[in-house]
Amino acid sequence: MSKTKSSADLATSDWRHKTLQARSARPATPTETPEQRARRLARWNNEDRAIERMQREIYQ
Numbered sequence: 001m002s003k004t005k006s007s008a009d010l011a012t013s014d015w016r017h018k019t020l021q022a023r024s025a026r027p028a029t030p031t032e033t034p035e036q037r038a039r040r041l042a043r044w045n046n047e048d049r050a051i052e053r054m055q056r057e058i059y060q
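Sequential numbering of the sequence shown, starting at 1, is according to UniProt numbering.
Just so you know, the hints here were simulated from the structure itself, not pulled from any lab data.
Be aware that a few hints might be false.
Pairwise CB distance ranges, derived in the manner of DEER restraints [what the hints assert, rightly or not]: (1) Asn46 with Asp14: 14 to 22 Å; (2) Arg56 with Pro30: 17 to 25 Å; (3) Gln55 with Pro30: 14 to 22 Å; (4) Arg43 with Lys18: 37 to 45 Å; (5) Arg40 with Lys18: 17 to 25 Å; (6) Met54 with Thr31: 15 to 23 Å; (7) Arg53 with Pro30: 29 to 37 Å; (8) Arg39 with Lys18: 17 to 25 Å; (9) Lys18 with Glu57: 17 to 25 Å; (10) Tyr59 with Glu35: 33 to 41 Å.
A quick note: this is a predicted structure, and the numbers were derived from the prediction, not measured.
Ideal Cβ placement from N, Cα and C applies to all residues, glycine included.
With the hints as extra help, turn the sequences into a complete structure.
So this is what it looks like as structure tokens:
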């Protein structure tokens with residue numbers, strides 16, 4: 001059974017794609033340790049999830 005994507009899902013996936021593209025172009029800091037990088041990526045992931053949750057609530 002296939003599930004169709006809602007407008008919220010499409011907006012979220014489009015936003016995530018653009019965000020990931022922008023982040024991949026961002027240079028890493030030369031002095032950043034692996035622990036700092038892991039914390040930064042985890043923080044970004046948490047922020048992404050919060051934004052996606054808000055977008056789903058708005059577009060429902």
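To see whether the hints hold, each was checked on the structure:
1. Asn46 with Asp14: 14 to 22 Å: 20 Å, holds
2. Arg56 with Pro30: 17 to 25 Å: This hint is violated: roughly 38 Å between Cβ atoms.
3. Gln55 with Pro30: 14 to 22 Å: 35 Å, violated
4. Arg43 with Lys18: 37 to 45 Å: Violated - the Cβ-Cβ distance for Arg43 and Lys18, about 19 Å, lies outside 37 to 45 Å.
5. Arg40 with Lys18: 17 to 25 Å: 19 Å, holds
6. Met54 with Thr31: 15 to 23 Å: Hint violated: Cβ distance 34 Å, outside 15 to 23 Å.
7. Arg53 with Pro30: 29 to 37 Å: 34 Å, holds
8. Arg39 with Lys18: 17 to 25 Å: 23 Å, holds
9. Lys18 with Glu57: 17 to 25 Å: 20 Å, holds
10. Tyr59 with Glu35: 33 to 41 Å: Between Tyr59 and Glu35, where Cβ atoms are some 37 Å apart, the hint holds.
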